[in-house]
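J.: As a plain string of letters, each chain reads:
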Amino acid sequence: MPRNSSDSTNVGSRSNDPTVLILTSLASEPRHGYALLQDIADFAGVRLGPGTLYGAISRLEARGLIEATGAAGRRRPYRITPAGTEMLRAAIAELRTIVDAGTARLGAMPASGAALAGGAA
Amino acid sequence: MSAARTSARLLRAYPPSWRQRYGEELECLIVEASAGGRVPWRTRLDVLVAGTRERIRSAGLEPDGSPADRVRGSALLILCAWALFVLGGMIVGKSSEHWQDAVPSHSGALASVAYGVLLAAALCGSALVLGGVAAAVPSFVRLLRGGGWRHVRRPLGRAALAAALLVAATAALALWGGSLDAHQRNGGDAAYAIAFVAWALGVAATIATLTAAAVAIANRVQLPHRVLRLQAWLGAGTAVAMATVGAATVVWWLAVADAAPWFLSGSTAAAGGSTLSPQLLVAVAVMAVSTLLGAKAARRALGELPSLPAA
Numbered sequence: 001m002p003r004n005s006s007d008s009t010n011v012g013s014r015s016n017d018p019t020v021l022i023l024t025s026l027a028s029e030p031r032h033g034y035a036l037l038q039d040i041a042d043f044a045g046v047r048l049g050p051g052t053l054y055g056a057i058s059r060l061e062a063r064g065l066i067e068a069t070g071a072a073g074r075r076r077p078y079r080i081t082p083a084g085t086e087m088l089r090a091a092i093a094e095l096r097t098i099v100d101a102g103t104a105r106l107g108a109m110p111a112s113g114a115a116l117a118g119g120a121a
Numbered sequence: 122m123s124a125a126r127t128s129a130r131l132l133r134a135y136p137p138s139w140r141q142r143y144g145e146e147l148e149c150l151i152v153e154a155s156a157g158g159r160v161p162w163r164t165r166l167d168v169l170v171a172g173t174r175e176r177i178r179s180a181g182l183e184p185d186g187s188p189a190d191r192v193r194g195s196a197l198l199i200l201c202a203w204a205l206f207v208l209g210g211m212i213v214g215k216s217s218e219h220w221q222d223a224v225p226s227h228s229g230a231l232a233s234v235a236y237g238v239l240l241a242a243a244l245c246g247s248a249l250v251l252g253g254v255a256a257a258v259p260s261f262v263r264l265l266r267g268g269g270w271r272h273v274r275r276p277l278g279r280a281a282l283a284a285a286l287l288v289a290a291t292a293a294l295a296l297w298g299g300s301l302d303a304h305q306r307n308g309g310d311a312a313y314a315i316a317f318v319a320w321a322l323g324v325a326a327t328i329a330t331l332t333a334a335a336v337a338i339a340n341r342v343q344l345p346h347r348v349l350r351l352q353a354w355l356g357a358g359t360a361v362a363m364a365t366v367g368a369a370t371v372v373w374w375l376a377v378a379d380a381a382p383w384f385l386s387g388s389t390a391a392a393g394g395s396t397l398s399p400q401l402l403v404a405v406a407v408m409a410v411s412t413l414l415g416a417k418a419a420r421r422a423l424g425e426l427p428s429l430p431a432a
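Each protein sequence line maps, in turn, to chains A and B. Oh and the first sequence: position 3 is 3 in the numbering used here, straight run, nothing missing. Oh and the second sequence: position 168 is 289 in the numbering used here, straight run, nothing missing.
Take the hints with a grain of salt, since some may be wrong.
Simulated restraints on C-beta separations [as the list claims (entries may be wrong)]:
1. B:420 / A:100: 29 to 39 Å
2. A:107 / B:371: 48 to 58 Å
3. A:68 / B:125: 15 to 25 Å
4. A:68 / B:424: 26 to 36 Å
5. A:29 / B:263: 50 to 60 Å
6. A:68 / B:162: 29 to 39 Å
7. A:42 / B:136: 24 to 34 Å
8. B:395 / A:97: 51 to 61 Å
9. B:244 / A:107: 52 to 62 Å
Treat the hints as calculated values from the structure; they're not laboratory data. On a predicted model such as this, the values are computed, not experimentally measured, just so you know. Idealized CB from N, CA, C, for every residue including glycine.
Looking at chain B on its own, in the form it has when it is part of the complex (with noise of 0.2 Å):
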């Protein structure tokens, strides 16, 4: 492929308004610096990266104003994570689904404390950013009061609209699962893993909706000072949650590839396979980069802090 076809290609990473100023002129440095040969991969990674930095600031996600702007952008970017990361465990979740039943009692101990300390851990990061949010809400109340509801309708109604379809289809599957046996409901019929996967990429696109609408919305409203340092904390507790849980996600891994290796491999207990489930190796490369990217965020809001003004 030309360089100049390269270059137009990769220009699609950055957000329409910032390829509208500077785009013709990335476009032919690439192609001068790529000598009129093929584009490195280098230049592509490098330009690939930058883009999406940019599509993070025009989100609003890693904004250089105020001290207060990069708290929320730091926030935001912590809930961005948090979704990205409960994909991750949603993958976990049904990896390990009925996992007691394939490790003995005597060699599972480990593995119970592991899975214990995920879910604990689990359900600590979910309260910390549903604490998050309700301490928005006030701003938002304001927001929608003072006539801001044009600027929200959309991204809500969107969000709106992808919750209560996934309800409908979550109904609908659980309807057709309680028809079938445990067999059919795990691989032996196709049509319904068909719709499984088509459920699971609709959670995700839900997530996905949700939390833009979550960016849009907060990107709107003005937080108190107070609010901003509560959600610093919040969100350095929410990534300490990530980084508990993936931990336990690898320490459950060894353990039960140690008591029950069959599990993990989906074959039965005679059959021999491989513990490495693609499955669970996603789900930890979701979890290590979301926990990475929040981790980073929390840093840096935490860092802020000191900067915001006391009232």
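Isolated chain A, as found in the complex (with noise of 0.2 Å):
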């Protein structure tokens, strides 16, 4: 079930954070507002506000981390600037920095342990 999400000032680190979910989308091929919402709900099972996916996008463009590619009728597609490519980058080092570590850290779990975790739960 797709979870709902806040809108959120910087490129964070977090995986539903809007920012890095429009430019995880952006960065296969321009998109306009009603695509980056179905892709992102296909992809990452966040279904963003229409209000939340523009404030991040006016917020990505200012920060020269998306451009708009010139208007379709009403729909204006947006794609990912190198920066933003940079930046997307660096949000998924730290994404994977906290994979790594949950990983390796259930790995190490004592069979007890995950057992307890299981019955607790």
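Two independent chains are provided; combine them into the complex using the hints.
T.: Printed below as a string of structure tokens:
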């Protein structure tokens, strides 16, 4: 089930941060607002609201991390800039650090601890 | 209402400059996301919250710029939160008039202590806010000397006009009230009651105008980093004062509800009635919202301090 997500000012390292989600979506190809919403729901299971999406788009564009590619009717596609690509790489590296640490710690957890955790749940 | 009309209305939540750049796209997206039907309430709330945030940003209260900009924006947000808090405090002030006469002296100790804490914390908060404003005065004077008058004369003029009108209205209301007895002043005279409500709305409008002027001016002045540090700490103190006033208000309310419930229901001692006074409920809600806003801004301001250059 898709999760809700709040807006954020900075490109953070949380996997449901709207700015990270938008940059990730635009990393493959330029997209307009509606296509972004659908793509993000597909790959992350996060259903952003239109206001949250455009709040993040306006700040990403102001920071030069994405840019408009010209209007197609009332829709305007956006694409990621080289600065945005660098920012996304940095955010993913941060996320990877957390994923690696979590994976290693789960792997190191004794079987009894895992059983207890499973029993508690 | 059609999705197109609803989305056009929702866009009014955004500042004009933002609307000019992104309005058409967002409107189109809201309609598409609603699949031609009614706009879901979740979407409406999302757009309204996002629009309010953009307005806050466009007023310089939540800037994305340098650490100094962010501290200044946070300090201004605390000022706005305080202005909102004062409105809640005014309602408490009016609702608590003559409460000491209603509560028996042998059962009013807790209410007295709570009310004393409330007043002391309110005074502390006011002093901290005034301290923050005073710390910015030298920078404001530098702005005026540097030819900045033309940038600030409009908000300052509006604030001065609003303050002058309020003083005149207060004097007129006091003169009128002096010619009435206590019963007439407390709802017995319909015309006076209407005038009082209009005066209270005028007070709220004046506070909003003064706050808007302070924000407009603060966005023009260059504050030294030491002043920004001071304002961050004063803002944190103000947030603590707001939380204290709010908590003391709730304790006072509970104590009076226990000792003299009829006072809160606005009835006579013999009659019953609910102690859930609507005015106090509104006041506490306003206080809670403004305290949360102030606390969030204070946390952000203090969090930015290590990023401020030392000199």
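J.: So, for every hint listed, does it hold in this structure?
T.: Hint check results:
1. B:420 / A:100: 29 to 39 Å: 30 Å, holds
2. A:107 / B:371: 48 to 58 Å: The hinted range 48 to 58 Å holds for residue 107 of chain A and residue 371 of chain B, with Cβ atoms some 49 Å apart.
3. A:68 / B:125: 15 to 25 Å: 23 Å, holds
4. A:68 / B:424: 26 to 36 Å: 32 Å, holds
5. A:29 / B:263: 50 to 60 Å: Holds, at about 51 Å.
6. A:68 / B:162: 29 to 39 Å: 30 Å, holds
7. A:42 / B:136: 24 to 34 Å: 32 Å, holds
8. B:395 / A:97: 51 to 61 Å: 56 Å, holds
9. B:244 / A:107: 52 to 62 Å: 58 Å, holds
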